[in-house]
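Undergrad: Read off the chains here:
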Amino acid sequence: MIRMFHVDKNYPNKIQALRDINIHIKKGEFVFLVGATGAGKSTFLKLIYRGIVPTKGQVIVDGINIARLKPGYIPYLRRNIGIVFQDFKLLYDRMVCENISFGLKAVGATNFEIRQQVKKVLNLVGLENKRKIKPHLLSGGEQQKLCIARAIANEPLILLTDEPTGNLDPYTSWEIMKLLFHINIRGTTIIMASHDKLMVDKAKKRVVRLERGRIIEDTQRGIY
Amino acid sequence: MIFENMGFYFREALLSFRRSTLMSIAAILSITTILLIVGFFLLISVNLNLFLENLESQLEIIVYLEDNISQAELSTLTNNLNSITGIKEVKFVSKEEAYQRLSKDLGELKDILSAIEKNPLPASFEIQIKDPKTIEQIANQVTKFIKVEEVEYGREIAERLLNFTYIFRRAGMLILALLVFSSILIISNIIKITVYARRNEIEIMSLVGATSWFVKSPFIIEGFLQGFISSVLSTIILYNFYFFAINKVHQAIPFLPLVVDKVDLLPIGIAIVLLGSLVGVLGSMFSVGKYLNV
Ligand SMILES: Nc1ncnc2c1ncn2[C@@H]1O[C@H](COP(=O)(O)OP(=O)(O)OP(=O)(O)O)[C@@H](O)[C@H]1O
Ligand SMILES: [Mg+2]
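Which chain is which? The protein sequence lines are A and B, in order. Quick note, the first sequence lines up with residues 0 to 223 if you use numbering that gives the first Met the number 0. Quick note, the second sequence lines up with residues 0 to 293 if you use numbering that gives the first Met the number 0.
Calculated directly from the structure, the hints in this document are not laboratory data. Treat each hint with caution, since some may be false.
Said to hold, decoys possible - List time: in silico DSS-like cross-link candidates among lysine-lysine, alpha-carbon distance up to 30 angstroms:
hint: 1; chain 1: A; residue 1: K133; chain 2: B; residue 2: K191
hint: 2; chain 1: A; residue 1: K88; chain 2: B; residue 2: K289
hint: 3; chain 1: B; residue 1: K146; chain 2: B; residue 2: K90
hint: 4; chain 1: A; residue 1: K69; chain 2: A; residue 2: K88
hint: 5; chain 1: A; residue 1: K69; chain 2: B; residue 2: K191
hint: 6; chain 1: A; residue 1: K177; chain 2: A; residue 2: K201
hint: 7; chain 1: A; residue 1: K45; chain 2: A; residue 2: K13
hint: 8; chain 1: A; residue 1: K177; chain 2: A; residue 2: K25
hint: 9; chain 1: B; residue 1: K289; chain 2: A; residue 2: K45
hint: 10; chain 1: A; residue 1: K119; chain 2: A; residue 2: K133
hint: 11; chain 1: B; residue 1: K94; chain 2: B; residue 2: K146
hint: 12; chain 1: B; residue 1: K289; chain 2: A; residue 2: K133
hint: 13; chain 1: B; residue 1: K191; chain 2: A; residue 2: K88
hint: 14; chain 1: B; residue 1: K289; chain 2: B; residue 2: K191
hint: 15; chain 1: A; residue 1: K45; chain 2: A; residue 2: K196
hint: 16; chain 1: A; residue 1: K69; chain 2: A; residue 2: K25
hint: 17; chain 1: B; residue 1: K146; chain 2: B; residue 2: K117
hint: 18; chain 1: A; residue 1: K55; chain 2: A; residue 2: K13
hint: 19; chain 1: B; residue 1: K289; chain 2: A; residue 2: K13
hint: 20; chain 1: A; residue 1: K129; chain 2: A; residue 2: K118
hint: 21; chain 1: B; residue 1: K132; chain 2: B; residue 2: K87
hint: 22; chain 1: B; residue 1: K289; chain 2: A; residue 2: K55
hint: 23; chain 1: B; residue 1: K90; chain 2: B; residue 2: K129
hint: 24; chain 1: A; residue 1: K133; chain 2: A; residue 2: K118
hint: 25; chain 1: B; residue 1: K132; chain 2: B; residue 2: K143
hint: 26; chain 1: A; residue 1: K88; chain 2: A; residue 2: K55
hint: 27; chain 1: B; residue 1: K289; chain 2: A; residue 2: K69
hint: 28; chain 1: A; residue 1: K177; chain 2: A; residue 2: K133
hint: 29; chain 1: B; residue 1: K191; chain 2: A; residue 2: K45
hint: 30; chain 1: A; residue 1: K88; chain 2: A; residue 2: K204
What the hints assert, rightly or not - Computed beta-carbon distance windows for the label pairs:
hint: 31; chain 1: B; residue 1: I36; chain 2: A; residue 2: D19; range: 56 to 64 angstroms
hint: 32; chain 1: B; residue 1: G6; chain 2: A; residue 2: E154; range: 24 to 32 angstroms
hint: 33; chain 1: B; residue 1: L49; chain 2: A; residue 2: K69; range: 50 to 58 angstroms
hint: 34; chain 1: B; residue 1: F16; chain 2: A; residue 2: Y75; range: 25 to 33 angstroms
hint: 35; chain 1: A; residue 1: D61; chain 2: B; residue 2: L28; range: 43 to 51 angstroms
hint: 36; chain 1: A; residue 1: R220; chain 2: B; residue 2: Y195; range: 44 to 52 angstroms
hint: 37; chain 1: B; residue 1: G6; chain 2: A; residue 2: M94; range: 14 to 22 angstroms
Beta carbons are placed, not taken as given, at the ideal position from N, Cα and C, and that holds for glycine.
Given only the sequences and the hints, what does the whole structure look like? Please build it.
TA: Shown next as structure tokens:
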């Protein structure tokens, strides 16, 4: 599903965020991406949805070389990828349900499909009774859940989550983890960047460790 | 795809008007003000142009004829004059007419003419030309015709006047160009601010996989509406103000040449509406492009 060959990413300020990354993530896998702040986790995820292009090397997502992708086709790549951002990126002037329907409309769903999907994903994350309020009235954990709901609304092949349990209590974190496992079991490939030792250890999934832009460890059923 | 979603784009554009009413009103008022300034200058410049044309049209060539000109020679000369290109009108003034004019001009003093037995005034042609710049060349041409005693066209005044109108027109054009240029900059910046306020929305849309046209269209419609509404508003204000003002001016200075025909002012209205709408559309298109993550 995702392959990287000798990928380097340098930012314009000469910071080498990623160095010689080689990885193969298969369809349906659940992968934790761990490492200290600034290790390059968010950068790794950005490469996959083509938020950025690699400085060197190849990134292949679902058979597509993202560096060679023409701008006109980028939207179609992204429709296969759900993203839960580290900084949420919710629209705070729209209601909870509109935050989800907005993305679905953007990818060309019909009104009927939109109503169905919004209901379905809000049920899944347990926010159906909050659908008519604005996101700033939600708690932190609920906002995380809303981000997940939005990311999975058009049933993507890949789900990228950047610290989805950051700043949450262990109970809520585990709730969100269970939600992600549930999505994973239905066939979605998930990559989760995380600092959350407790969750990583408990989950016993593949762990990829980054240090100053390099992969220094890649273990099945690993720990933090 | 684009037309399929037209209804959606319009709804989104109007929704955004409603979500940020104050912002939209502020934008429209600012754009209206800029266009009022541009329009005001355009009105001044068409009137200035009319005034300059009026001045220039007063330039004429007077061709004095020898007294012994025969009827046949006179008609050849008339034909020759009329066949010169660039001539608007040729008017013959006979000796008698010249005499009458003079005595009329003298008024009370016309008795002094009775001291002279014979009419001393020559017959003449008064020539009006199309382009004042050609006055010298035409005058030179006329000098060569037979039975022409003297050609007069106020060389010095003509030159000075032409110099003056030339500088005035050039300066006007320059100011106009600067004004239009800066108004484009200012309007597109106002649009940019309204787009900037919604950069998150644009980024998120492009990250969930919206095509760039899908993201841009509501903004383009909104930009168009902002530009269009502002320009129509400023045109209405401008026209009302203008006709009110020229009425007052005409009461004070009745002989001042002013553009009063509504049809003559139509191009100004059209220019303002085009300027406003076009900059609205292009401004929003480029601003959105900046925040699209592709
Ligand atoms: N857009 C950018 N321009 C310049 N430098 C950047 C940019 N984004 C990230 N960096 C730098 O690249 C390095 C890796 O950043 P990245 O965001 O990938 O880290 P991270 O592992 O996600 O950290 P965290 O755990 O704090 O989220 C950092 O040193 C960061 O300062
Ligand atoms: Mg990060």
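Undergrad: Now look at each hint and say whether the structure bears it out.
TA: Results of checking the hints against the structure:
1. Taken as a hint, the A/K133 and B/K191 pair is honoured in the structure, with Cα atoms around 26 angstroms apart against an allowance of 30 angstroms.
2. About 18 angstroms separates the Cα atoms of A/K88 and B/K289, which keeps this hinted pair within 30 angstroms; it holds.
3. As the CA atoms of B/K146 and B/K90 are separated by approximately 17 angstroms, the hinted pair is consistent with the 30 angstroms bound.
4. Of the pairs offered as hints, the one joining A/K69 and A/K88 holds, with about 25 angstroms between alpha carbons and a cut-off of 30 angstroms not exceeded.
5. Straight-line distance between C-alpha atoms of A/K69 and B/K191 comes to about 26 angstroms, which keeps the hinted pair within the 30 angstroms bound.
6. Between A/K177 and A/K201, the direct Cα distance comes to roughly 11 angstroms. Compliance with the 30 angstroms bound is thereby established for this hinted pair.
7. Among the hinted pairs, A/K45 with A/K13 is consistent with the structure: their alpha-carbon atoms are about 18 angstroms apart, no more than 30 angstroms.
8. In summary, the hint linking A/K177 to A/K25 is supported, as the alpha carbons are separated by about 21 angstroms, within the 30 angstroms threshold.
9. A hinted pair counts as satisfied when its Cα atoms are at most 30 angstroms apart, and B/K289 with A/K45 qualifies at roughly 18 angstroms.
10. Between A/K119 and A/K133 the CA atoms are separated by roughly 19 angstroms; this keeps the pair inside 30 angstroms, and the hint holds.
11. Pair hint B/K94 plus B/K146 holds up; C-alpha atoms about 15 angstroms apart against a cutoff of 30 angstroms.
12. A threshold of 30 angstroms between alpha carbons decides the hint, and for B/K289 with A/K133 the separation of about 27 angstroms falls inside it, so the pair holds.
13. Taking the CA atoms of B/K191 and A/K88, the gap is near 21 angstroms; set against the 30 angstroms cutoff, the hint holds.
14. Between B/K289 and B/K191 the alpha-carbon distance is near 10 angstroms, which keeps this suggested pair within the 30 angstroms criterion.
15. Annotation: proposed proximity of A/K45 to A/K196 holds, straight-line Cα distance about 23 angstroms (limit 30 angstroms).
16. In summary, the hint linking A/K69 to A/K25 is supported, as the alpha carbons are separated by about 25 angstroms, within the 30 angstroms threshold.
17. Restraint check for B/K146 and B/K117: the C-alpha separation of about 20 angstroms stays at or below 30 angstroms, so the hint holds.
18. At most 30 angstroms may separate the alpha-carbon atoms for a hinted pair to count; A/K55 and A/K13 meet this at roughly 14 angstroms.
19. In summary, the hint linking B/K289 to A/K13 is supported, as the alpha carbons are separated by about 23 angstroms, within the 30 angstroms threshold.
20. Our distance criterion of 30 angstroms between C-alpha atoms is met by A/K129 and A/K118, whose separation comes to about 11 angstroms.
21. Distance hint between B/K132 and B/K87 is fulfilled; the C-alpha atoms sit about 13 angstroms from each other, no more than 30 angstroms.
22. For the proposed pair B/K289 and A/K55, the alpha carbon gap of about 25 angstroms is at most 30 angstroms, so the pair holds.
23. With a C-alpha separation of about 14 angstroms, the suggested pairing of B/K90 with B/K129 holds against the 30 angstroms cut-off.
24. Straight-line distance between C-alpha atoms of A/K133 and A/K118 comes to about 17 angstroms, which keeps the hinted pair within the 30 angstroms bound.
25. At most 30 angstroms may separate the alpha-carbon atoms for a hinted pair to count; B/K132 and B/K143 meet this at roughly 20 angstroms.
26. The suggested pairing of A/K88 with A/K55 holds, with an alpha-carbon distance near 29 angstroms, which does not exceed 30 angstroms.
27. Between B/K289 and A/K69, the direct Cα distance comes to roughly 17 angstroms. Compliance with the 30 angstroms bound is thereby established for this hinted pair.
28. Between A/K177 and A/K133 the CA atoms are separated by roughly 25 angstroms; this keeps the pair inside 30 angstroms, and the hint holds.
29. A threshold of 30 angstroms between alpha carbons decides the hint, and for B/K191 with A/K45 the separation of about 27 angstroms falls inside it, so the pair holds.
30. The suggested pairing of A/K88 with A/K204 holds, with an alpha-carbon distance near 27 angstroms, which does not exceed 30 angstroms.
31. Remark: the range hint 56 to 64 angstroms for B/I36 to A/D19 is upheld by a beta-carbon distance near 59 angstroms.
32. For B/G6 paired with A/E154, a C-beta distance near 26 angstroms keeps the hint of 24 to 32 angstroms intact.
33. For B/L49 and A/K69, the hinted distance range of 50 to 58 angstroms is satisfied, since their beta carbons lie about 55 angstroms from each other.
34. Between B/F16 and A/Y75 the C-beta distance comes to about 31 angstroms, which sits within the given range of 25 to 33 angstroms.
35. Judged by the Cβ atoms, the range 43 to 51 angstroms given for A/D61 and B/L28 holds: they are separated by roughly 50 angstroms.
36. Checked against the hint of 44 to 52 angstroms, the C-beta distance between A/R220 and B/Y195 comes to roughly 47 angstroms, which is consistent with it.
37. Take B/G6 and A/M94: their Cβ atoms lie about 21 angstroms apart, and the range 14 to 22 angstroms holds.
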